[in-house]
Amino acid sequence: MDVTASLAESAGAPAPSPDTGAYLDHAATTPMTSAALAAFAEHARHTGNASSLHSAGRAARRTVEESREVVARSLGARPSEVIFTAGGTEADNLAIKGIFWGRRAQDKRRTRILVSAVEHHAVLDPAFWLAGHAGAQVVLLPVDAEGRVDVDTLRAELADHPQDTALVSVMWANNEVGTIQPVRDVVRAARPYGIPVHVDAVQAVGQLEVDFAASGADALTVSGHKLGGPAGVGALLARRDLPLDAVLHGGGQERGVRSGTLDVPAIAAFAVAVRDAVAGRAAYAARVAALRDGLIERVHDAAPDAVLCGPDPRTDPELRLPANAHFAFPGAEGDSLLYLLDSAGVQASTGSACQAGIPQPSHVLLAMGVAEDAARGALRFSLGPTSTADDVDRLIAALPQVVERAQAAGLAGTNRGARKTAEHGPANDGLVPRPSPSTHPSSPPAVHSDGSSSSATGDGLVPRPSPSARPSSSSKEHPA
Amino acid sequence: MKVLAAMSGGVDSAVAAALAVEAGHDVVGVHMALSRNRDRFRNSSRGCCSIEDAGDARRAADMLGIPYYVWDLSETFEETVVADFLSEYEAGRTPNPCVRCNEHIKFEALLDKATALGFDAVATGHYARIEMTTTTGPDGADTLTRELHRSPNDAKDQSYVLAVMGPERLARAMFPLGGYASKDEVRAEAAARGLSVSAKPDSYDICFVADGDTRGFLRDRLGSRPGAVVDTSGEVVGEHDGAYAFTVGQRKGLALGRPAADGRARYVVDVQTSTNTVVVGPAELLSVNRIEGDKAIWFDGVLGRIATDADGWFDTEIQIRAHGAPVPARIRAKHASTAAPSEMEIELTGTPLRGVAAGQSVVAYAGTRVLGQATVTHARRA
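Quick note, the sequences are listed as chains A and B, same order.
Each step along the first sequence adds one to the number in my numbering, with nothing skipped, and position 43 is 43.
Each step along the second sequence adds one to the number in my numbering, with nothing skipped, and position 278 is 278.
A few chain B residues facing chain A, derived, Cβ under 8 Å:
1) 67
2) 69
3) 71
4) 72
5) 112
6) 113
7) 116
8) 117
9) 118
Just so you know, these hints were derived from the structure itself, not from any lab.
As the structure is a computational prediction, the values presented were derived from the model and not from experiment.
Think of the CB as a built atom: it goes at the ideal place given N, C-alpha and C, for glycine as much as any other residue.
The following block holds chain A by itself, in its conformation from the complex:
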């Protein structure tokens, strides 16, 4: 397959859009496919509330149920397991809060929420909200230097707390560094205890094979606009026997756990996008991985001190999303890189959460043991169905000068911060990955919502020295 050709030829070709430069931020959002757009337009023409009993309502309901069947079939779920939501964030909130409340209603001791330290904020923030408002204890499961969750720590936590754990949530693949999580191992660890596992698969569907039933997960999040559908629609796949309380109360739609008039055109377009993304996945993943591998190779050539964050697909292709590349550029700040690339017509992302446009040091990179200063100079390049070799060419053409300038700008700050350097050590001390469990004789401690680590609280885990100061920064990042 010629990777220099546009990737737009796969099933579910994207709708044509004006030239926006080299768009390398498909993990943020990716263009709607022509088929999804057509489905949206078609169904937006019709009036009919899917909850109404007359013919217009029945027609709308039929569209919703057909869409539900399509989504279910594409993702290895039963139609009754599909709960449509207004996107991935809502589905994650429903999973974390709904399962927590449902489990606690069954047994009030079940208050612990185990999540990986690299979850999206749509998982972390509801968990910490529950810690602040509903008596939950959040345990952040550590990850290794490549961002893979430490399943041994999970096993130890579960063994120590079989009676008071409400749920486990570990994402299928990370949105920033593309690390694929050992979901199967997570599910195997939790199953003996009957503890439900939620998986945020927002980044995975369309790039990886995602089969809900085969995964053994109890709940799984999908989002429309990451795979060619519209923004503002998604789904939580949830086993029928899963204790799940409602987050939105009202008309009782969607098994009574997600009230609100069903958005028929969005759901129809979502189903089309899911169907096409899954059907075209294998071919798309192969092509985009080849394009991405070339990007990584050429970034290393163009910016020799760039450090690839996350698993190296040249050695471990099965551990990373095929469309994701992520680099730290030592001595440069993310906002400088982003501005300079944007000026050159290349759109990328720092990949981390923003508050009013301010890139925060990524909690994902910090959890991986990347030093805070290095984490500030990180960029994610995420490819999609419209990506071409031209896009990569534009990036590579701009990159050497962009990195040089951004490093000069970072240096201007470092020189000025002489006092800071004296007090806190070198301003740019590069990437210092913390030892990974694989190279470490023992597992790192989990971090709890009170900011303590297992070794400090002595709650059953073998006390171990913390390899980095990460626990406090993690808990600061997500105040309980």
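For chain A, the structure is supplied; the task is to place chain B on it using the hints.
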């Protein structure tokens, strides 16, 4: 030119950016985030630092059709402006955080970063003028000089807080509002362009002191340190929570238990942080006519060009507050022969000044032109 427009979200910086665009420059809007923990909405008279303000800046940039970014300078701001504010008060001096912000943030951190990223200039919404003039020195040679001048808008003139930037940074600054004689004109320019910030209220307070309560902010950050308030004879006349919170010349907030023997108003005349003592006395003790300063900054065309007497003195006017009145004085650079004399001494030639505190900026003017500035170290009556 490639111009970075610093956009706070207020009307002044929005119009400044608009004028830079209309002048034909290639303009990029940048909002500086100076705090990590920002309020969602603007409140009271703070006008720069909430998420709502960042949104206003973004909308203004959208309407001007220019790219817009938020740059996080909060760490530098905390390490320079806020740290200086605290350490100066702690040392019994009176800092001006707006001066320090211009010195360390707008015309250092932001300007240096902009320069490194390829910008030719930073445009801000300050009220001051930059003029290019030809000066003739004592040797008769002509020099083209970049000068900083007061705004024609007396009420808004910000030349006092800009003087600290010095000549080298002035060369990379643009003040598009320099010619406007009133804020109403600037608001009208905003309204004419449909900028939604045209009617936004002005900001006055120190941006990082949330509710305008400077003393409360200092107490939170420095801790309560109770001590004595004494009069000039050393007699204890009251108590305080921390000498650092007092400023020479201050009258309000002393909470003295009983009136002075002579019944006259008492003012803070000295803050002795080594003994955590606040000294109060009558108004005449505040009156000074000799001022010394350090960290002097001289604009181009001043040292070696302005005519002085045999001892190096030249006549000028000085100003010690952002919106204070200038007073006549003579001034000289100490060690004027060195490359960058960092100290200056000042003799007031007219009426004395009251309440000059160490830490304040003193700015020297010749008419509307800023000659230089220093940070007050001593003030006394001779």
